[in-house]
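Chemist: From first to last, the protein sequence lines are chains P and V. Every position in the first sequence, counted from 1, becomes a number in the working numbering once 116 is added. Every position in the second sequence, counted from 1, becomes a number in the working numbering once 68 is added.
No lab work stands behind these hints, which were simulated from the structure alone. C-beta: ideal position from N, C-alpha, C; glycine also. Careful, some of the hints might be misleading.
Claimed, not checked - For the chain V half of the interface with chain P, some residues (derived, Cβ under 10 Å), not all of them: (1) H94; (2) A104; (3) G108; (4) L119; (5) E136; (6) E208; (7) R211; (8) G213; (9) G222; (10) P224; (11) F290; (12) L292.
Each chain, written out:
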Amino acid sequence: MTTTTITDSGHDSHHDEGSYLTPHKGGAFATIIQWATTIDHKKIGMMYLFTVLGMFMLGGVAALLIRAELWEPTRILADGTITGQLFQSDSTSGYLTYNRLFTMHGAVMVFLVIVPGAPATLGNFLLPLMLGAKDVAFPRLNLLSWYIYVLGAAFAVMSLINTGADTGWTFYTPYSSSHAGNTYGNIVMMTTAAFILGFSSILTGLNFIVTIHKLRCPGMGWFDMPLFVWAMYATSIIQVLATPVIGITLLLLIFERVFHVGIFDPALGGDPILFQHFFWFYSHPVVYVMILPGMGIATELIAVHCRKPVFGYRAIAFASLGIAAVAFLVWGHHMFASMGELANAVFSALTFFVAIPTAVKVFNWIATLYKGSIALNTPMLYALSFLFLFLIGGLTGLPLATLATDMHLHDSYFVVAHFHYVMMGGTIIAFVGGVHHWWPKMTGKMYTEWVGIVGCLLVFIGFNVTFFTQFFLGLQGMPRRYASYIDEFQLLHQISTVGAFTLGLGFFIQLGNFIHSLIAGKKAPPNPWGGLSLEWYIESPPSEHNFHAEPILTHGPYDYEDVYPPHCDPADFPLPEPKPEGNAAH
Amino acid sequence: MSTIDAQTRVSDPAQPGWKRYKFADHFRNAEDEFDACKLGFWLFLATEVLLFSGLFCAYAMFRVKYPEAFAAGSHHLNVWYGGTNTLVLLASSFTVAMAIRCAQLNNQKWLRINLIITIICAFLFFFIKLNFEYIPKWGEGIRPGLLYSNPFAGDPMEPIWWSVYYAATGIHALHVLIGAGLLIWCLVRSFRTTQYGPTHYTMLENSGLYWHLVDVIWIFLFPLLYLIH
């Protein structure tokens with residue numbers, strides 16, 4: 117690898133153009149029109165970021181209401197209470213309100229937050245920058261995907277206003293298709309929302325695959341891409357190949373609900389297990405749509421903030437693809453109760469294969485950290501939290517994949533804790549860390565470091581208090597999705613609830629930190645962390661057309677031992693002493 | 069500095085549309101753009117195949133579960149209507165391929181004629197499906213699932229067969245209409261400033277690919293629904 121910097125000629129002469137955030141000269145209305153019709157991937161990424169954030173708050177409030185309900189062993193969300201009235205329960209039972217709350221929490225968090233979260237926000241913003249491109253391959257499709265997302269979100273919110281669905285986010289038939297307890301239109305509305313959001317997901321995935329294939333800058337081969345891009349590539353493959361299956365599943369479910377076609381309804385000769393197969397054929401791979409971007413973000417954060425080349429670049433890249441491939445073979449482990457022994461054994465065995473590429477990644481991250489010069493700033497603390505939480509989440513998946521132990525653990529709080537450790541401790545924590553890491557690039561403003569650290573610690577502690585207790589609850593037999601429980605569980609439930617509100621406080625502090633930085637934050641330098649991938653070569657926030665001239669890549673994204681980071685004082689990021697016998701990390 | 073314009077053109081109104089089209093600003097050259105559009109469209113076609121794969125799965129599963137109902141239901145379908153529709157779609161696949169060939173040869177007149185024939189075939193298919201199959205059957209009470217009210221059912225589970233039939237052919241028919249819409253859009257554009265020619269026929273090529281997909285799915289649906297008893 118040579119040590120020349122990347123060509124970005126004419127840098128200073130173009131400074132008067134302003135950034136992509138510069139408002140339109142025609143005033144506020146023109147600026148709104150400009151944003152609403154933009155095909156700039158950076159603006160679309162920011163629009164996604166704020167809509168996803170709004171949905172995250174909606175899902176988060178539902179989660180806090182669930183935890184508040186579980187403070188007492190008996191049901192407290194009766195019709196007379198505030199929450200009962202809020203949801204205008206049409207049944208005499210407040211249990212229905214509780215069911216609607218956890219359905220809302222699950223559906224919003226899965227379909228509107230975690231799945232589109234990292235790819236559509238950070239991916240949209242960073243992918244072309246990291247590849248040295250002017251935009252994604254299909255900019256107008258990109259804008260369309262945002263509008264489709266908003267339409268889907270509108271359907272979900274409409275279903276919520278109209279009292280909401282109570283099926284759980286999995287919409288299992290025949291309860292979802294024919295049970296009288298559901299308000300007729302809500303299931304259809306919620307299902308339509310998920311169906312519409314699928315299109316948005318497919319368009320994003322398709323766009324990214326083509327962008328990665330066709331718009332890498334000169335000099336950038338497949339193995340010169342940042343590993344975040346590899347993670348996005350694997351994510352996109354799953355999005356494109358799995359989402360159509362949920363599309364047809366939800367479409368048939370809508371037919372079932374509206375016309376009673378009987379395909380999933382056992383009363384009419386249909387097969388509800390078929391629905392489960394269809395549903396999990398999408399919804400298991402999509403678990404990796406959720407976690408792979410998190411893994412990619414964590415790789416970037418760890419590499420930049422410990423200033424070391426990523427250990428085992430190719431291993432991490434291929435592990436991403438390996439996870440994407442295995443993702444399609446393990447859906448049956450969600451259905452151990454509804455299949456035969458042979459199928460169970462096969463799916464159980466296949467599920468263990470997921471652990472291999474995942475463990476490869478974890479070991480590589482730890483090897484990257486080893487002897488690195490670690491900067492314990494907010495993004496790095498999030499990356500370390502990710503490692504810690506994701507490890508617990510991954511390892512507790514193994515007893516759930518094992519048939520004998522799963523008989524005891526399935527449908528219990530153990531499962532709830534397990535997937536929250538992966539989905540939230542993995543994806544959301546990495547995502548929030550990534551937002552901190554790239555916030556200076558996206559907005560041109562620095563956040564307050566100590567507030568970020570306090571928020572991160574609160575989130576980390578609150579998260580563990582909330583969900584580690586749930587492992588014990590599950591082991592003791594507390595089933596998931598119940599609004600009331602026996603008195604013995606009360607202490608653990610109360611600890612968990614305290615943790616949930618701590619977690620909420622942590623996120624609230626982070627939000628305040630971001631808002632403060634937008635209003636009164638210091639101006640961000642182009643490269644605050646000393647990163648080497650292409651997005652750090654341009655100003656913060658980037659100009660409208662990203663690069664002033666087409667960049668030519670001359671070094672890898674992690675050559676911290678050979679290359680001075682751009683726009684930085686070399687004294688801040690000194691190169692290591694040359695080793696006597698070449699560079700072992702390559 | 070304006071935003072990136074996806075359609076940067078050299079503005080010389082004397083030139084025909086396909087010569088005036090350069091390529092979108094964020095691509096390096098026209099070949100890259102063409103390749104990217106085709107790659108993107110093939111990925112989209114993969115999603116379409118997977119969408120229909122769910123229906124084929126449901127078909128296979130219920131066929132194994134209720135073979136008599138499927139045999140009885142299949143006997144209600146007139147193979148001549150299905151066969152005619154197969155021929156109509158095959159012919160239209162040929163003409164749409166010829167339309168793309170004409171664009172490559174800059175034969176504007178036959179490009180339009182081929183497109184018009186394809187669009188007529190699309191609507192002919194839809195007309196036969198609607199007028200000779202859906203409407204009479206619905207009138208006889210041969211409807212999906214719970215709506216089924218035909219007293220002469222050959223098997224108590226026949227409604228399931230009709231659910232699969234209506235879902236599969238209905239979603240396919242929707243794709244026929246979408247494909248026809250795409251081809252009409254191509255036709256309109258071929259008359260206007262953005263006409264197609266040897267160096268610029270991406271939209272036409274992708275619409276043609278979509279039309280072939282519609283055709284291929286019918287090629288599988290026809291024997292499964294009409295020929296196998």
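Chemist: A separate judgement is required for each hint: does it hold in the structure or not?
Modeler: Here is what the structure says about each hint:
| no. | hint | result |
| --- | --- | --- |
| 1 | H94 | holds (4 Å) |
| 2 | A104 | holds (4 Å) |
| 3 | G108 | holds (5 Å) |
| 4 | L119 | holds (4 Å) |
| 5 | E136 | violated (12 Å) |
| 6 | E208 | violated (17 Å) |
| 7 | R211 | holds (8 Å) |
| 8 | G213 | holds (4 Å) |
| 9 | G222 | violated (14 Å) |
| 10 | P224 | holds (8 Å) |
| 11 | F290 | violated (20 Å) |
| 12 | L292 | violated (16 Å) |
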